[in-house]
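Protein chains: 4
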Amino acid sequence: MDMISFDLTKPLHIIPVGRVAIDFNPTDYNRPLNESTNFNRYLGGSPANIAVGMARLGDRVGFLARVSDDQFGTFVTDYFRAEGIDVSHIRRCEHGENLGLTFTEMLSPTQSSILMYREGVADLQLCPDDVDEEYIASSACLLISGTALCTSPTREASLKALTFALRSGVPVVFDADYRAYTWKSMDEIAIYTSLVAEKADIIMGSREEFSLMERLLGLDGSDEASAAYSLKKQAKICVIKHGKSGSRVYSRDDGCWDVKPFPVTALKGFGGGDGYASSFLHALMAGRSLPEALERGSASAAMLVASHACSRDMPTEEALENFIREEKAKYGDVIFAL
Amino acid sequence: MDMISFDLTKPLHIIPVGRVAIDFNPTDYNRPLNESTNFNRYLGGSPANIAVGMARLGDRVGFLARVSDDQFGTFVTDYFRAEGIDVSHIRRCEHGENLGLTFTEMLSPTQSSILMYREGVADLQLCPDDVDEEYIASSACLLISGTALCTSPTREASLKALTFALRSGVPVVFDADYRAYTWKSMDEIAIYTSLVAEKADIIMGSREEFSLMERLLGLDGSDEASAAYSLKKQAKICVIKHGKSGSRVYSRDDGCWDVKPFPVTALKGFGGGDGYASSFLHALMAGRSLPEALERGSASAAMLVASHACSRDMPTEEALENFIREEKAKYGDVIFAL
Amino acid sequence: MDMISFDLTKPLHIIPVGRVAIDFNPTDYNRPLNESTNFNRYLGGSPANIAVGMARLGDRVGFLARVSDDQFGTFVTDYFRAEGIDVSHIRRCEHGENLGLTFTEMLSPTQSSILMYREGVADLQLCPDDVDEEYIASSACLLISGTALCTSPTREASLKALTFALRSGVPVVFDADYRAYTWKSMDEIAIYTSLVAEKADIIMGSREEFSLMERLLGLDGSDEASAAYSLKKQAKICVIKHGKSGSRVYSRDDGCWDVKPFPVTALKGFGGGDGYASSFLHALMAGRSLPEALERGSASAAMLVASHACSRDMPTEEALENFIREEKAKYGDVIFAL
Amino acid sequence: MDMISFDLTKPLHIIPVGRVAIDFNPTDYNRPLNESTNFNRYLGGSPANIAVGMARLGDRVGFLARVSDDQFGTFVTDYFRAEGIDVSHIRRCEHGENLGLTFTEMLSPTQSSILMYREGVADLQLCPDDVDEEYIASSACLLISGTALCTSPTREASLKALTFALRSGVPVVFDADYRAYTWKSMDEIAIYTSLVAEKADIIMGSREEFSLMERLLGLDGSDEASAAYSLKKQAKICVIKHGKSGSRVYSRDDGCWDVKPFPVTALKGFGGGDGYASSFLHALMAGRSLPEALERGSASAAMLVASHACSRDMPTEEALENFIREEKAKYGDVIFAL
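Protein chains in written order, with my numbering: chain A, 19 to 356; chain B, 19 to 356; chain C, 19 to 356; chain D, 19 to 356.
Rather than coming from a laboratory, the hints here were simulated on the basis of the structure.
Mixed in with the good hints there might be a few duds.
Label pairs and their in silico Cβ distance ranges [said to hold, decoys possible]: (1) Lys251/C <-> Tyr47/D: 36 to 44 angstroms; (2) His113/D <-> Ala100/C: 53 to 61 angstroms; (3) Asn48/D <-> Glu112/B: 50 to 58 angstroms; (4) Ala198/D <-> Glu112/B: 31 to 39 angstroms; (5) Pro281/D <-> Ser131/C: 45 to 53 angstroms; (6) Ser203/D <-> Arg110/C: 19 to 27 angstroms; (7) Glu112/B <-> His113/D: 13 to 21 angstroms.
Please read these numbers as outputs of a predicted model, since none were measured by experiment.
Cβ atoms here follow ideal geometry from the backbone N, Cα and C, with glycine treated the same way.
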């Protein structure tokens with residue numbers, strides 16, 4: 019894959035921008051959340067999970083975020099540090115903002131929901147002054163999470179980071195990561211996610227997220243139309259996810275691909291996307307071909323939905339390769355050219 | 019004790035107004051909160067704990083509050099209902115507000131702290147329209163928690179409930195329950211807590227809370243001055259707490275009392291006040307003498323600081339009496355006339 | 019009149035608290051505001067007009083307020099200073115807040131309306147820190163305008179000033195001065211205006227304003243009930259205005275009075291109340307009898323509705339006496355014992 | 019000039035988006051604003067002035083805005099209607115927002131300042147739902163004023179209008195119109211103005227405004243760099259104004275031009291820009307050459323700074339041509355190729 023040029027001689031491989039939060043997962047599964055009485059605490063938040071996933075795979079990972087100035091902020095910063103992630107640009111909030119929380123309800127492998135604390139939380143306080151041009155330029159890639167665009171000042175901080183990445187020739191990944199919370203209207207979502215998507219080299223999102231993004235553009239809602247629109251702008255790769263039926267991947271130069279999920283027994287309905295993103299991006303940056311990278315993304319997604327946590331259960335390279343070998347031996351290929 | 023007339027023929031004995039929240043207490047004690055990985059969930063919030071405490075002792079308890087419109091709101095409402103508390107005036111929030119959360123850190127029996135989620139939470143949304151004159155009039159007593167005064171619209175809802183109680187001749191208990199969160203300035207605290215205190219029949223608070231209340235009044239900071247000021251207004255009883263050294267209680271007609279704590283081994287540094295309030299008020303309303311009521315308050319406080327939870331561990335009448343009998347046998351009296 | 023003891027040996031006679039604003043009155047009368055093209059500018063705001071009115075009559079007047087930090091703030095401060103009003107406690111806003119504006123529409127002597135700019139204006143920024151105990155204690159009287167209670171932080175500043183006045187034995191005048199703007203609900207109005215009214219020595223308001231104040235108190239809406247309620251609290255005098263048909267005045271010791279308006283040709287429908295308040299309070303403080311003070315209030319009200327401006331046209335003692343002499347010669351008495 | 023294709027067969031020639039406000043200009047000139055006592059009222063706001071200017075010159079003009087739901091909203095809407103401007107997409111505010119106000123101080127022809135009321139005003143309430151795709155598509159041109167980007171929701175409404183214009187092939191004019199009010203930070207200004215500028219066909223702004231726009235782009239602050247950057251994006255024409263020394267105009271295909279001001283005696287220091295924009299755009303759309311259009315812009319600017327009002331004094335075609343003829347006879351050419 020040589021469409022996008024990642025300069026791996028830089029100090030960092032990737033800097034995700036956005037949400038660091040905490041997941042509280044009930045230890046008593048298959049029960050409504052209002053009846054759960056005991057919870058485990060994990061580092062959470064989509065870009066934070068991706069950061070951990072990529073660090074586990076050996077990437078040099080940075081992070082641009084605000085965290086709470088309390089014990090929870092200490093927990094997540096310590097967790098990152100222990101994973102080898104650079105925390106030099108994770109700042110504490112100054113007005114008592116709390117870290118975002120996600121309480122998960124796992125009624126069954128196919129029914130799960132989340133209860134979020136997102137009102138005025140720490141990650142939304144990332145502000146333009148936190149964004150350092152040199153830091154952005156020191157990375158081979160910038161990943162912007164859609165949630166970081168949902169309100170001010172994190173929105174402007176993300177747009178400033180994008181501006182600096184474009185100036186320095188740093189490739190940009192846009193992970194739609196749509197959460198209904200905090201956004202004020204459908205038009206706002208469409209306006210800001212499309213603004214970033216049209217300047218990104220890689221766009222990752224679910225079918226629903228692409229449709230939200232394109233709401234004002236008059237497209238027909240098909241993957242083909244979405245991909246055609248984006249590939250005419252800056253994007254070289256579009257990953258469009260369809261939940262349990264897998265994903266469709268369109269590239270400017272390397273063809274189109276159908277990615278099937280590995281047939282594992284899911285424990286929960288979330289976390290798969292962050293596994294996908296981290297293994298896919300790692301492989302792509304490591305120089306693997308697009309189908310190879312997709313296979314790794316699909317494997318990591320399968321491993322994550324089968325485990326209790328997200329961040330804690332991100333696979334190492336060895337675990338990932340073992341999983342792929344074993345699963346392919348049993349079920350065959352999951353990547354097909356379209 | 020006949021200074022305050024509680025009409026126990028009314029449908030309810032007491033209606034606390036204010037905070038219903040959730041406590042997350044780590045199961046791994048004596049460790050900093052940032053290192054805790056597993057938590058138990060309990061119903062929390064000072065007036066909610068008092069409601070549970072009094073219901074356990076046999077009182078007919080109502081509640082006036084707003085809770086979140088999610089699984090946590092369901093949990094607390096179900097919990098109240100299971101304790102026999104009337105939930106007819108607990109309303110769901112309409113704009114996605116979350117329930118307040120308290121994460122506790124129990125480093126040691128003498129060192130504990132809390133990390134609170136209080137920004138825009140459900141209980142602060144209680145509004146004047148939620149306050150029903152007939153409901154207030156249907157109770158033998160109204161308890162207003164100081165936290166319910168910290169911001170609008172719960173402040174105005176509380177003041178409206180106070181107005182209705184005064185009109186209907188319902189005695190009012192003011193529990194200072196000061197939490198630094200959400201209040202905008204020291205002057206605001208002084209203004210609103212003193213406004214309610216000067217119309218309350220019973221005032222309960224720590225020495226620090228009385229001093230905050232009196233900040234603009236030019237008193238000298240002594241218990242004697244605080245009590246003299248309040249007893250000249252509407253108050254018949256002032257309970258001034260001094261942490262581990264016990265409390266001083268001043269009454270208009272029944273003398274002054276020194277209340278010593280029962281010498282238990284504490285597990286945590288909080289919850290005692292809610293145990294105190296519930297057992298003391300229950301006994302007073304049941305017609306016991308002031309020193310009898312204080313003994314029960316002190317006993318309940320001791321039982322609570324020795325247990326892991328607050329709401330869950332509120333004692334029954336029988337447990338309370340057993341505790342008092344055993345402790346007094348070992349250590350003697352704890353209530354002394356001044 | 020000796021029911022209220024005003025200590026005129028103090029440095030100031032009165033300190034009004036609240037609104038200083040600007041009135042823009044069209045020079046082309048009897049035309050809808052949307053067609054007016056030329057405007058005169060005057061100092062405005064009810065307590066500011068009263069301050070000017072009392073200063074013209076010879077009182078030593080202070081003021082407690084915030085004004086804009088721009089040319090309009092300079093204008094009103096200079097205007098006050100030129101009238102001999104003490105401006106030592108008029109502070110400039112620090113975050114760019116503008117002065118409130120009132121554009122008046124005078125369609126006919128009986129039809130006038132106003133268009134107000136009140137959103138986040140300077141006078142609403144008066145905060146508890148602005149309230150100095152010594153300043154309050156240095157005055158023979160404190161006047162609180164109802165508008166100063168409509169939102170935070172001016173609400174808490176007013177309540178703090180009230181607390182200091184009560185501590186220092188300074189008599190309090192409450193002028194209801196209700197403006198729908200900025201208040202959040204009918205319950206808020208009732209709660210805060212009644213809180214101040216029940217501690218005031220003199221209450222002045224229209225029939226509508228008294229009814230708003232009493233909304234949660236279960237009174238029957240009659241002047242008799244309003245007066246009876248207030249005179250049982252702290253009030254010694256209640257002035258209840260009925261627009262063009264005059265006002266009813268109830269006192270604790272000096273009887274009840276019917277005050278008829280002097281039959282002048284009105285130019286506009288506002289400003290009369292501020293004239294009334296300033297002349298009435300001046301006379302009362304100067305030691306005149308209640309009916310004498312009311313006659314002067316009624317005369318000043320008549321003079322104001324017949325003039326183009328409010329502040330600019332406040333009468334001197336001589337003008338007031340001439341007016342009373344001439345009008346009484348023509349029309350006879352306007353004050354009647356009930 | 020055929021670089022930009024304006025489809026004049028459409029129902030409208032231009033739709034400005036943004037600010038409609040009111041100017042109060044003192045009738046007593048050369049005096050500090052705090053001493054001014056009488057004011058004339060005019061329709062104001064940069065895009066509103068441009069709309070009036072272009073309508074006077076014969077263009078079919080629409081407008082997209084929110085105005086106050088009061089007599090001032092009626093005044094501006096009536097004024098537009100009387101000028102022949104389409105007011106079908108001017109909506110009234112629904113939550114009592116006031117129209118923006120500008121009080122001008124004209125100390126001398128070279129010293130003037132303004133005092134603005136911009137807090138939460140009506141024009142800032144324009145929201146995405148107000149933006150109708152068909153309406154945008156019905157115009158030969160869309161003009162976005164920088165002030166409309168300063169806060170939400172007018173920011174998102176403007177970006178939505180931009181999206182629709184791009185979809186429908188409607189050329190876009192970006193008039194920087196920077197006002198410090200309401201913007202939260204320098205980075206915000208740079209981010210949003212550059213986002214619109216990079217998609218606009220014509221960019222108009224002062225040297226200062228271009229520098230604010232480019233703050234994050236690493237340009238050197240010269241007109242050449244600004245123009246080179248923008249002309250590589252979507253822009254065909256960049257107008258960079260230098261106050262009294264005139265403006266520099268860069269085009270993709272029609273060369274670069276130095277525009278000198280006509281040497282008139284100025285009465286005030288503002289309004290010139292709106293005159294310039296309206297006459298320049300009208301001429302350009304009417305098919306005149308770039309230098310011809312610039313000459314007309316410069317003439318209109320000169321006429322405006324010499325008059326008391328802005329909107330009221332926009333010239334007709336005849337007045338403009340007379341002015342140019344007379345001035346050129348006296349002083350010669352003002353447009354020079356670079």
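Against the structure, the hints come out as follows:
1. Separation of Lys251/C from Tyr47/D is about 56 angstroms and departs from the stated range, judged on CB atoms against 36 to 44 angstroms.
2. Taken as a hint, the range 53 to 61 angstroms is violated for the pair His113/D and Ala100/C, whose Cβ atoms sit roughly 39 angstroms apart.
3. Taking the beta carbon of each, Asn48/D and Glu112/B are about 57 angstroms apart, inside 50 to 58 angstroms as hinted.
4. A hinted range of 31 to 39 angstroms for the beta carbons of Ala198/D and Glu112/B is consistent with their spacing of about 38 angstroms.
5. Our hint of 45 to 53 angstroms for Pro281/D and Ser131/C holds, since their Cβ atoms are close to 48 angstroms apart.
6. Range check, Ser203/D to Arg110/C: Cβ separation about 24 angstroms, and the 19 to 27 angstroms hint holds.
7. About 18 angstroms separates the C-beta atoms of Glu112/B and His113/D, a value consistent with the hinted range of 13 to 21 angstroms.
In the structure shown, a violation is registered for the earlier hints numbered 1, 2, in ascending order.
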